[in-house]
Structure formats: C-alpha cells, structure tokens
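Note that the protein sequences, when read in sequence, are chains A and B.
The opening residue of the first sequence carries number 479 in the working numbering; numbering runs sequentially from there.
The opening residue of the second sequence carries number 479 in the working numbering; numbering runs sequentially from there.
What the hints contain is simulated information worked out from the structure, not anything from laboratory work.
Treat the hints loosely; a few may be bogus.
Same chains, same label: a pair holds when it works inside one copy or across any pair of copies.
[What the hints assert, rightly or not] Calculated pairs, BS3-like style, for lysine-lysine (alpha carbon to alpha carbon, straight line, at most 30 Å):
hint, residue 1, residue 2
1, Lys-809, Lys-710
2, Lys-809, Lys-585
3, Lys-546, Lys-585
4, Lys-585, Lys-640
5, Lys-809, Lys-546
6, Lys-640, Lys-809
Next come the chains, spelled out residue by residue.
There are 2 protein chains.
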Amino acid sequence: MPVPPLEKKNSAAGCAPRDFRMTSFDWRIGNEVIPFYMGSDCAADVAQKLAAMNADRFFIVADEAIWKMHGAPYERAVGAVAPTAFMPYGGGEAGKTLAAIEQLAAKLIDSGISRRSVLVAMGGGVIGNITGLTASLLFRGIRFVQLPTTLLAMHDSVTSLKQGVNCNGGKNILGTFHAPSSVFIDLRFLSTLPAQQIRGGLIELVKNALILGGDYARQVTESLTAFRADPKSHDWAALVNLGLTAKRTLVQDDPRERGHAMILEYGHTIGHALELAYVGQLSHGEAIAWGMRCAAWISHRLGYMTDSALAVHDRYLALLDFPPKPNGPFKLGELRARLQRDNKRGYLPPGNEGMVAMILLNEPGVVLNGTNPYPLTLVPRDVVDEALDHLAREWQSHVATGLAPDEAGFAR
Amino acid sequence: MPVPPLEKKNSAAGCAPRDFRMTSFDWRIGNEVIPFYMGSDCAADVAQKLAAMNADRFFIVADEAIWKMHGAPYERAVGAVAPTAFMPYGGGEAGKTLAAIEQLAAKLIDSGISRRSVLVAMGGGVIGNITGLTASLLFRGIRFVQLPTTLLAMHDSVTSLKQGVNCNGGKNILGTFHAPSSVFIDLRFLSTLPAQQIRGGLIELVKNALILGGDYARQVTESLTAFRADPKSHDWAALVNLGLTAKRTLVQDDPRERGHAMILEYGHTIGHALELAYVGQLSHGEAIAWGMRCAAWISHRLGYMTDSALAVHDRYLALLDFPPKPNGPFKLGELRARLQRDNKRGYLPPGNEGMVAMILLNEPGVVLNGTNPYPLTLVPRDVVDEALDHLAREWQSHVATGLAPDEAGFAR
C-alpha cells in the first residue's frame with residue numbers, strides 16, 4: 479500500500495538519552511510547528527518527552543472507561559515526572575459546553591493548577607476540544623498535549639488548532655485557536671476501539687478522497703478495500719499517515735481553516751446537524767457519511783453533479799459499510815433549526831439569509847467554487863429541505879441497519 | 479496642567495465625509511494598532527465609524543441603568559447603520575463567569591449573530607471583559623468595539639488585549655487576548671458617573687505615579703491636587719490622557735502584560751482578593767488602594783522600603799480621600815484562600831508553594847526586581863498574613879468612612 483511516508487526527524491535508533499522508540503515528525507500549521515510522535519505502548523516515551531516540559535503538575539483529562547483500560551501505565555510513567563492527577567470528563571459531545579469547561583477549570587484550580595502546569599488530553603475529539611479550550615482559557619493560555627485514543631482523533635482532530643464547544647444548538651460555535659505543545663499517537667489505544675469508532679475514523683479518509691481525488695483517492699480506495707477484505711491484519715500506522723497526509727496538504731498554510739482548508743468540512747453542514755440531533759446514536763464520522771450523501775444529492779439536484787459523477791461518488795461511500803440509520807422518528811424540525819445555526823454563516827455577503835452555505839462537489843476530486851476565497855456554494859433553503867425530506871424517506875423505508883448506499887433508493 | 483498630548487491623527491476639522499468631531503489617535507499594542515477616538519456626545523460620530531465595518535448586525539452589551547441613561551442616541555444612530563439590538567448584562571463583577579458568557583452567547587445566537595456581526599461593549603471594565611471574551615469565543619473570534627462609560631475603563635481597561643472572567647475564586651483566571659476593532663471614548667458618560675467610580679478611576683492614576691515616578695508622578699500630583707481643590711471644573715480629557723500615557727509607555731511592547739508591564743498590577747495581588755471578597759462594597763480602584771497600602775507595608779516589613787520612603791508612598795495615597803472600609807467582619811479566611819489562587823502563581827520557579835508573588839516598590843518610582851524578566855518578589859505567606867492582620871486591626875479601629883491614610887495607624 480503506497481502511502482507516502484511523512485518526513486522523519488528521528489526513529490527507533492534515535493539520539494534520546496534512553497531507548498526512545500516512537501517515530502517523530504514536525505507538523506507545521508501556519509506559524510506553529512508541533513512535534514508529532516507515533517508508536518505503540520508509548521507511556522515511557524511520552525513521559526520522557528513530558529519531562530522536558532518542566533511542568534509543575536500534569537492533569538490527564540480522560541473518559542472513565544478509557545482511563546480504566548489504558549490509564550495505569552500513563553499514570554505511573556507521567557507521575558514519575560511530576561505530580562499527576564486524573565480529571566474525568568464523561569459528558570461526550572452532548573456535554574461539550576462552556577459550563578463543562580467552567581466545571582473542569584474550577585476543579586483544576588482546586589487541584590492547584592498554575593501557569594506552569596500541563597494538561598494532557600487522553601481521548602477522542604471531544605476530550606481534545608474540552609482540554610484544548612480549557613488550556614487556552616486558563617491564565618489566558620497554558621500548555622497542553624494531545625494523546626488521541628480514537629482513529630479519527632489520531633489523523634484528524636489533533637492536527638487542528640481549532641478548539642471549541644457547542645452552544646445553543648450550534649456545533650463548535652464557541653472556541654479559540656490553541657496549538658498543542660506535542661501530539662503523541664499511541665496506536666495501542668486502537669486495540670480496544672469499538673467498531674463504530676473505527677468506521678468513524680475511516681469515513682473521514684473517504685471524505686478526504688472525495689475532496690482531493692487523484693492519486694490520494696486511489697490510495698484510500700486500495701487501503702479501504704484491503705481493510706474490508708481482512709480487517710484483522712492491517713497497518714494502523716499507514717492508515718493514520720494517510721489521514722495526516724490529507725490534512726497536511728490542506729491546513730499547513732490555512733491554519734484557521736477559513737480559506738481553502740474549509741473543504742475539509744465537506745459533508746459537515748448537514749453532518750453536524752445530524753450528529754447533534756442524534757447524539758449517542760450516530761458518531762461524528764457516521765453523521766458525516768450521511769452529510770456527504772445529502773451534499774451529493776443537493777449538488778445533483780442543482781445540476782452541478784452529473785448522474786455518472788453521483789454514481790462514482792456513491793461508490794466511494796460504498797467503500798465502507800454505510801452507517802446505520804438512527805432509531806426513532808425523523809427530527810426534521812430540529813435539523814432545520816440546527817442548520818440555521820451552522821457556523822459557516824457569515825462567510826458570505828449579507829442578503830443571503832434564506833441560503834445555506836455548503837461545500838459541494840462537481841464530481842469526486844473537484845470542489846465547486848474550489849478556487850474562490852471561500853469554497854462555498856449558496857444553497858436555497860428549500861433545496862436543503864428537499865434533501866432532508868429525501869433522507870427522511872430513505873430512513874423510513876429502510877428499517878434494517880448496516881444499509882449500504884448501493885442498496886438505497888436515496889439520491890436516485 | 480502639563481499633560482503631554484497623545485499624537486493626533488486628525489481633529490475636529492478632520493477629513494471625514496461629514497463633520498466628524500472626535501479626535502483620534504492610534505493605540506499600538508504589540509502587533510495590533512487600534513484606532514482610539516475621543517469626544518463628547520459622540521453617537522453620530524461613532525455610528526459613522528461603525529458604518530465602515532460592514533457589519534450585518536450590531537449588538538450593544540450594557541447594564542440596564544447605563545442603557546436607560548445613555549442608550550437612546552446610540553440605539554438611534556447605530557440602528558440607522560444596521561439592525562441593532564440591546565443585550566443587557568447586569569451581573570457585575572460577581573456574575574463575571576463563563577456561565578454568563580454562555581448565556582449571552584446563547585442569546586446572541588438566538589438573535590441571529592453571524593461572523594460579520596459586531597459587539598459593542600457599552601460600560602465599564604466588567605462589560606468590556608464580558609463582551610470582549612464573548613466576541614473572542616464566538617465563531618472563534620468576531621469583532622467588537624469598546625464604548626467605555628467609566629473613568630477607569632476609559633484610560634485603563636480599554637487599553638488592554640486581556641479579556642477574562644472569574645472562576646472558583648480566581649480573578650480573571652479564564653480568558654483570552656482579543657483586540658477591540660476600535661475604542662470610542664465619549665466623555666459624556668462621565669457626567670452621570672457616581673463619585674465612587676470617579677475615585678476608582680483616579681486611584682489607578684495614583685498607582686501609575688507610584689510605579690513610574692519622575693515627571694509622570696509630578697503631573698499626577700498636580701492634576702489630583704487641582705481636582706481636589708475644585709472637583710467641578712476639571713478637564714476630563716486631560717485626566718483620561720494622563721492614564722493612557724502611562725499604559726502606553728508600558729504595554730505597547732508587552733501586549734500580553736507578562737513582562738515589564740506586569741508592574742501595572744501594583745496593589746492588585748491583595749487588591750483583587752479584597753475586590754472579590756467585598757464585591758458590592760469596594761470598587762476595583764478602591765480595593766487596589768487598600769492593596770497598595772498592604773504592598774507598601776509588606777515592602778517596609780521586609781526591609782526593602784525605608785521609613786521615609788513609606789511616608790512618601792502614603793502621601794501619594796493621600797492625594798485622594800482614602801476609600802471607606804467595607805462593613806461587616808474582616809474576612810481573613812476568605813482573603814487567604816483567594817490569595818492562594820492569585821493568577822500570578824506559576825510565573826516563578828517551582829518549590830515556592832509557600833510564597834505569594836507580588837509587585838513591591840523600594841520607593842515610589844522604583845520597582846523591586848523591576849529589571850528582572852518578571853518584576854515580582856516572593857513574599858513568605860506568613861508576612862502576607864501579618865499584613866492582613868494589620869489591615870484587620872486598622873479596619874476594626876476606624877469605624878468612620880473616608881479615612882485618610884495619614885490619619886491611620888496602619889503601617890506605623
């Protein structure tokens with residue numbers, strides 16, 4: 479599987495005082511250069527790097543379940559460097575609010591946090607966001623490091639400077655830009671990751687293939703085909719690197735993701751609305767899969783995407799088992815209300831209050847308005863409503879889960 | 479009164495399309511250059527400048543009382559530029575929390591805020607902080623302007639990039655750096671300002687005199703002596719400029735106020751603790767006056783400040799009627815707990831957990847350790863406790879308010 483390797487700074491045979499086994503590379507994003515490290519069973523290596531930070535205390539923010547499974551070696555190794563405390567966060571996406579940040583900050587203050595302390599985000603994107611935003615606000619900015627535990631976080635969330643929480647139905651509508659001091663990718667966490675989370679991470683690779691096309695899309699196709707054929711024997715490092723390569727291409731010169739890098743949000747307009755409306759039922763990646771389906775339907779409906787391009791688009795989505803539809807009635811009203819609060823509002827000129835700004839494709843690999851300062855297309859609200867109606871009909875007609883897109887009537 | 483005028487970009491006879499009457503100057507702080515405007519009865523001028531911001535909506539955050547007194551001309555003038563809504567905030571210093579930010583943000587989202595909207599902070603430092611932090615977080619940063627209504631805000635709060643809220647007893651412990659797009663100083667607001675707020679603004683001038691000394695101290699002495707002799711006929715613009723001059727000297731090359739500019743925090747360590755412990759009874763400036771008194775006592779107690787330097791220090795404090803002591807019992811336990819959460823913790827090397835980091839003076843105009851990267855002095859906790867005990871005795875022995883420091887036994 480020909481994945482172009484990321485440039486290496488040192489490797490297993492490195493120059494560290496002890497046998498440092500993680501590979502490392504620099505992640506440049508705007509003016510920031512963030513050291514990334516990758517390996518398996520890395521607690522001792524991570525602790526060695528943390529020791530160089532000269533922190534007075536470490537606070538590891540994690541979900542109780544992850545902490546129980548993977549916390550012990552980290553608690554031991556990091557605790558040998560400086561006093562280390564576990565700070566549980568169990569609120570998930572639904573609890574990702576400023577109130578949660580305030581609560582966590584209050585506990586950190588009680589526990590003696592100072593400007594010299596370092597937060598460690600041990601978890602997926604939600605833990606990364608909660609920890610990153612808290613670090614960004616405490617004393618107006620202290621250091622934090624990322625220790626991602628999901629596939630999606632490893633190749634996607636940790637590469638962004640964007641920290642954020644939800645507010646009043648708006649996804650990630652309150653936040654800051656704050657760079658982690660380092661990112662440690664310990665592939666060991668993937669050994670206990672539920673299938674739904676693996677799928678969520680792989681779906682973002684499909685999204686990257688759809689926006690980038692070309693050789694990149696070919697590599698994703700090969701990797702995912704191999705993964706489906708034999709899910710047991712695969713190369714996690716290669717899959718993570720494949721995701722990182724796409725992000726690297728797009729965000730390094732657009733660190734605030736407010737220009738061209740915005741195409742990474744393909745499928746996210748309706749996807750975010752679905753994620754928040756069906757929290758607990760759809761993971762982020764699964765919601766994005768449905769969001770991409772809706773986006774392609776809209777592009778086709780508006781005449782930007784041909785029948786054959788749509789068919790190719792759907793074959794990409796079919797690289798993975800399509801996510802299950804959520805249970806219960808279709809939440810049309812809630813979805814409409816959430817779309818009115820999409821955080822891409824305001825990128826486009828005034829007088830477009832009836833429109834929804836979306837990333838659309840002409841065909842896989844070709845972003846509509848991709849060369850504009852903002853690669854967005856204004857979609858009339860009634861067309862978005864039509865797409866939601868179609869989605870509703872599709873979900874109503876397919877009671878079974880695990881629906882593959884080529885079995886679905888949607889978008890035909 | 480020889481106050482050096484700030485450099486002027488244009489003036490009353492300016493080049494604006496209509497008769498623009500405010501004077502203006504650029505305020506440089508780090509890499510930011512913020513246009514400042516000053517005048518009296520300025521709603522039309524402010525609206526003219528806001529029109530150039532191409533905003534889709536304006537939201538004016540203000541206290542109900544200020545809005546009732548001064549809102550109408552602004553609502554009319556700004557409302558003629560773009561849809562304008564009043565967003566009340568009445569929580570004061572005690573309500574300055576992330577929860578308040580979340581509540582305000584939710585209301586703004588309900589009211590259709592977008593990335594192109596502009597927040598207007600019409601108020602004192604608390605409104606400025608609440609509005610600035612909300613603007614900083616919404617969509618990860620939208621624009622806001624400052625329309626200060628107190629003397630302190632006009633020459634002090636608005637010059638800082640620091641936005642912040644309190645958390646768990648820590649003053650301004652959560653926040654960001656976010657620059658206002660412009661600052662509009664309308665001296666008309668001072669006509670309705672209570673005496674306590676005027677005193678609060680003047681006390682910071684005394685603080686500036688104490689840390690800067692020299693010619694600046696002489697100017698403050700002259701201005702305040704003239705002000706006391708005839709409080710009715712004074713030049714507000716000159717007093718505001720006097721404050722701005724001090725801030726300008728210190729913050730323009732230390733925009734995060736983490737180096738030399740930290741000396742502006744003189745009196746703030748114990749002052750902040752007093753402000754939060756006696757919220758509603760002591761204004762910010764009044765608390766800082768007591769804080770400076772304690773700082774000088776500590777410096778004298780540790781042998782850094784001579785008897786005669788202390789006497790000179792007290793004469794500066796006597797330039798104003800000293801603030802009243804708060805009612806009720808002395809809150810020693812609370813003050814001690816708050817001092818353990820002072821946000822200067824962590825600037826100094828580890829292993830100093832028993833110490834409090836403070837700005838101290840050798841004498842007026844000479845900051846102890848003033849040439850160090852951090853102009854801080856470590857004070858043993860028991861000496862801070864002694865200072866608090868002295869303060870307690872002073873407050874207990876003087877039931878009368880309006881106590882001038884030269885009448886007090888404190889620090890003798």
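message = One pair to classify: Lys-546 and Lys-585, alpha carbons no more than 30 Å apart. Within, between, both, or neither?
response = Within one copy, since 20 Å is at most 30 Å while 39 Å is not.
query = Is it within a copy, between copies, both, or neither that the alpha carbon of Lys-809 lies no farther than 30 Å from that of Lys-585?
reply = between (36 Å within a copy, 23 Å between copies)
task = With 30 Å as the alpha-carbon cut-off, assign the pair Lys-640 and Lys-809 to within, between, both or neither.
result = Within one copy only: 29 Å inside, 42 Å across.
ask   = Taking 30 Å as the upper bound on the Cα-Cα distance, should Lys-809 and Lys-710 be classified as within, between, both, or neither?
value = Answer is neither: 37 Å inside a copy and 65 Å across each miss the 30 Å cutoff.
Intra/inter-copy verdict for Lys-585 and Lys-640 if alpha-carbon distance must be at most 30 Å = both (23 Å within a copy, 23 Å between copies)
query = Taking 30 Å as the upper bound on the Cα-Cα distance, should Lys-809 and Lys-546 be classified as within, between, both, or neither?
reply = For Lys-809 and Lys-546, the Cα distance exceeds 30 Å both inside one copy (36 Å) and across copies (43 Å).
When each numbered hint is compared with the structure, violations occur for hints 1, 5.
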